[in-house]
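Add chain W to chain H, keeping to what the hints say.
Those protein sequences? They're chains H and W, same order as listed. If you're matching positions, the first sequence starts at 1 in UniProt numbering and goes up one per residue. If you're matching positions, the second sequence starts at 1 in UniProt numbering and goes up one per residue.
Treat the hints with caution; some may be incorrect.
No copy is singled out in the list; a pair is fine if it fits within one copy or between any two copies.
[As the list claims (entries may be wrong)] Pairs of lysine-lysine residues, derived as BS3-like cross-links and limited to a Cα-Cα distance of at most 30 angstroms, are as follows:
| id | residue 1 | residue 2 |
| --- | --- | --- |
| 1 | K466 | K31 |
| 2 | K282 | K31 |
| 3 | K417 | K232 |
| 4 | K292 | K232 |
| 5 | K232 | K31 |
| 6 | K205 | K272 |
| 7 | K384 | K417 |
| 8 | K232 | K489 |
| 9 | K162 | K292 |
| 10 | K485 | K232 |
| 11 | K272 | K288 |
If you're looking for bench data, these hints aren't it; they were derived computationally from the structure.
Residue strings, one per chain:
There are 2 protein chains.
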Amino acid sequence: LDYQHVQVPFEITLWIMLASLAKIGFHLYNKLPSVVPESCLLIFVGLIMGGIIYGLNDKSPPVMDSDIFFLYLLPPIVLDAGYFMPSRPFFENIGTILLYAVVGTIWNVFGIGFSLYGICQVKTFHLQDVSLLHNLLFGSLIAAVDPVAVLAVFEEIHVNEKLHILVFGESLLNDAVTVVLYKLFRSFCEMPTIKSVDVLAGVGKFFVVGLGGVLVGLTFGMTAAFTTRFTKDIRVIEPLFVFLYSYLSYLTAEMFHLSGIVAIIACAMGMKRYVEANISLKSHTTVKYFMKMWSSVSDTLIFIFLGVSTIGENHEWNWPYICFTVIFCLIWRALGVLVLTFFVNRFNVNTITSKDQFIIAYGGLRGAICFSLVFLLPDFHRKKLFIAATTVVILFTVFVQGMTIRPLVDLLAVKRKRESAPTVGEQIHIRFLDHLLAGIEDISGHWGQYYWKDKLEYFNSKYLQKILLREYDQPKSSIVLLYEKLERKHAIELAEAGQLGHAPSHPSLLNNDRTVATDRKLEHTLNPDVLENIQEILTRNLYRIRRMGPAYNRHTLPGETEPVDHAKEILILRHKSL
Amino acid sequence: LDYQHVQVPFEITLWIMLASLAKIGFHLYNKLPSVVPESCLLIFVGLIMGGIIYGLNDKSPPVMDSDIFFLYLLPPIVLDAGYFMPSRPFFENIGTILLYAVVGTIWNVFGIGFSLYGICQVKTFHLQDVSLLHNLLFGSLIAAVDPVAVLAVFEEIHVNEKLHILVFGESLLNDAVTVVLYKLFRSFCEMPTIKSVDVLAGVGKFFVVGLGGVLVGLTFGMTAAFTTRFTKDIRVIEPLFVFLYSYLSYLTAEMFHLSGIVAIIACAMGMKRYVEANISLKSHTTVKYFMKMWSSVSDTLIFIFLGVSTIGENHEWNWPYICFTVIFCLIWRALGVLVLTFFVNRFNVNTITSKDQFIIAYGGLRGAICFSLVFLLPDFHRKKLFIAATTVVILFTVFVQGMTIRPLVDLLAVKRKRESAPTVGEQIHIRFLDHLLAGIEDISGHWGQYYWKDKLEYFNSKYLQKILLREYDQPKSSIVLLYEKLERKHAIELAEAGQLGHAPSHPSLLNNDRTVATDRKLEHTLNPDVLENIQEILTRNLYRIRRMGPAYNRHTLPGETEPVDHAKEILILRHKSL
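So that you can see chain H by itself, here it is in the shape it has in the complex:
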């Protein structure tokens, strides 16, 4: 037996296997996941395992290594989040999200930090040795909402898209703020005196860390898109580039002390549309599937490790400090959401209801990021108290808030996500309105989101697509792509049901009057009139919208686009369909 030799890969594989089997186990009983979120169950498994290890070895089980967490477990989850981020609601609410993420987090950090400092001044609590700076440092790590925990809970409760993107977007983008504040306070802790220059430099760092992350991410994203232009002859390694470039963007950002999370999200969102157009359908399925698989495993491992790491002797218990931490986390978040939403609602037509505000405040779950950060703290005599407080906050938010949020959503009748996908008609109307609003904004000289979107779309089709897409002369509208996808899905369904036009298993075929049978079947399953209608609308109007887009522009007159193009494109289309 030579265990030493294979130990590292063997144990990693076993951990992943355990995580996957635990996941299967929960889903075998359908009732359990509908009551308790998976994250709670996984932490519970971790707690039991930690207890067993503790009982057998009589020493604390190993703590989740911060390096492993930040370098290997976090990136897949964030990549998945960024890649599948619904870009429309995200950019529609980007202002609100940034407000919550930046101002909200700062508010929480200082709120929690200062109030805990106040608690420390009470003599009976024996906490006078915790300085203000340490309290602020603790505040900076405990204030940030955790994307992993938020995703795990919000994926299961299906609230409406806007509410989801507000909480989820905040949890992702607050990383830049957390990184800056955490590092700032940590370096302050080690400095003898703090000058006002340092504070100013800290403020400047916000922009560097956030915008730097975006820049790094976009650079790698564009490179990835460019690389996939050349993979036509070697389809099989296409998915690799998506993973490699996004991981490199994360590592590069971390290397330069920028926000890795922001970088990987920018990379994934930037490359997505170009990569999807360049790679084959099978590669795309693999990319999507593997991303989901990877993030799901990471997620599982994180929660199990969280449970395991909780057990042990790393904690110093102090009732008042821990209780007040939980209370302040709740209060300051609620206050922050209320105040910020007040301002947001004043400048927006589409306001955030008070129910939504409650869910936003209540959905501020803490998770593994806080946990890893607290272990990264420099050693000082109260570190174990901070670890205990962080653990309690995480367990409280994941268990109490995570388990009650679903009943609360039901109770308050919060608007849910629509079950059905938008119909083709809706898609066309949305697109039409976009163009209309872009035109109105352009004419009125208002530089709103539609104006910028239109400009970006123009820049994209004029320059980016030509560089990044392999077949840039045939840009397909997203509706055409959707239509093609639906057609393909429909065809597969037909084939699987054995109804593909000539299905021999159909009993009426035995009558030998094929024509009638085939036709009747088509009518029955496809309703050709309706389909014909839809498709006519699609082919005609899509064409028009795409062609006429620029005609809304102030700088061109309507009708300036040559009619030759029109005739040519119809010819091409017809040629293809033959």
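Positioned in the frame of chain H, the structure of chain W alone reads:
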């Protein structure tokens, strides 16, 4: 800048990126890969990189770590090979393959070892200090044909299936022999005296290592199949189990000093059909795609590392020893193939032609396995000579033989692989013949391959499928599965061409006589008569073959199966098609 922190993942990612980009680069120029095998180009890239590192640092570049090779780079390639192994030709030629792999490898080891020892006795060569045992040890590592190198070359030259499986199967299965002989001679080197008991134990080990590997592999394979029974609600982690279990089988086998390669192949071949039936179509695409991707990257990295490791000061040059090693490798392999094939051809109707024999002998490429083994040798004063000789043999076989084998195959007009997939008719005939031969063998009392195949099939459908498959009450014949796959593919093609029955882009639709147009189109693209024919054959005869299978058995009388089943099944089929 904090490079230390992200160094490990960053450098790994960069290496993989370099490998992938190199692969893309070669495929940009279509002419290059058709002349030079990719493996040569990659080694060349490695040589250049090694030269640059050597030039800049003025010391030898790092050598490929044997642990990294055996634990991380080799398993994906072997898994891919085992999973996509064409099982029919493999089992048809299993006897020949085992003969080549076991007897052939032993022949080569002792042939090369003893003749090199003879060379060492020549005084003018100054090699008298190389003992017989060291020569045999060297022979044991240089004799084994390398699966990675063979795959890389044979994938591009498309020889006929039998020839391919003979070379490829040998290269995979000789691992058990290589492991045993290599470890045996290495332990003999360290022993003061060798007893005959040790030699006997060595012979016994062959069976333990080989059969133990098969056992470990099958155990994990069956567990994997069983696990995928329960993944219905959580499709997204299905592909993971395929990778986890096969990797675990490899590691477990290595841990017990069994043959990891044999284990992972047994695991992959064992689980394949059950896993495929249990997991979803998308999961299956992901599994296949990711396996190909992973093995392709591993393969690329191995050849680049091989090139890099060649550069440096690890070599001791001795013209006679190195030249004679190359010559003996060629001669002994050629002799071995001739002698073994002589015996094989005496007992087989379907003989191996002399052209095929030449390609088998010439296709005995050496690769990274020898290279890793030679670095794992215990330190002794002539180790550098062995390293040099191994490097030369690898480079000679990969460059000279690898580059000339394609022209030789053309020149000799070796039978090629058939381009088209077997038609449905052929498949039915093959299956029919299988049943017929199983019946003949059963009646004549000859326990040949068809008899065992039939027994295995019976055991499989009677016990294994019920345990391992989720929907075991509806076992689908492989032809039905193939048919479904073809239907699905066809449907997708139709959808992509916009001809799915009701395609509105078809110009004849404008005439508004839908019935005629639709019907004509169906006739045109599908040729319904032919299809109807095929499908009638399929549905009827498949049914009969499956039902009547046991009627050939000596223990039952024909017609014993109840006709009720027949009627019931037709009813079920009809009910479904409605």
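For K384 and K417, with the copy left unspecified, which applies at a CA distance of at most 30 angstroms: within, between, both, or neither? neither (42 angstroms within a copy, 68 angstroms between copies)
My question is about K282 and K31: at a cut-off of 30 angstroms on alpha-carbon distance, are they close within one copy, between copies, both, or neither? between (34 angstroms within a copy, 27 angstroms between copies)
Intra/inter-copy verdict for K292 and K232 if alpha-carbon distance must be at most 30 angstroms: both (25 angstroms within a copy, 16 angstroms between copies)
Tell me, please, which holds for K272 and K288 at an alpha-carbon limit of 30 angstroms: within, between, both or neither? both (11 angstroms within a copy, 23 angstroms between copies)
First find the shortest C-alpha distance between K485 and K232 inside one copy, then the shortest across copies, and answer within, between, both or neither for a cut-off of 30 angstroms. Both, since 21 angstroms and 24 angstroms are each at most 30 angstroms.
With identical chains treated as interchangeable, where does the CA-CA distance between K232 and K31 reach 30 angstroms or less: within a copy, between copies, both, or neither? between (46 angstroms within a copy, 15 angstroms between copies)
Within, between, both or neither: K162, K292 at alpha-carbon 30 angstroms: within (22 angstroms within a copy, 40 angstroms between copies)
Status of K272 relative to K205 across identical chains (alpha carbons, at most 30 angstroms): within (29 angstroms within a copy, 54 angstroms between copies)
Up to 30 angstroms between alpha-carbons, please classify K466 paired with K31: within, between, both or neither. between (51 angstroms within a copy, 27 angstroms between copies)
Up to 30 angstroms between alpha-carbons, please classify K417 paired with K232: within, between, both or neither. Only across copies: K417 and K232 sit 24 angstroms apart there, 38 angstroms inside one copy, limit 30 angstroms.
How do K232 and K489 come out at 30 angstroms by Cα distance, when the copy is not named: within, between, both, or neither? both (24 angstroms within a copy, 20 angstroms between copies)
Comparing the model with each earlier hint shows a violation of hint 7 alone; every other hint is respected.
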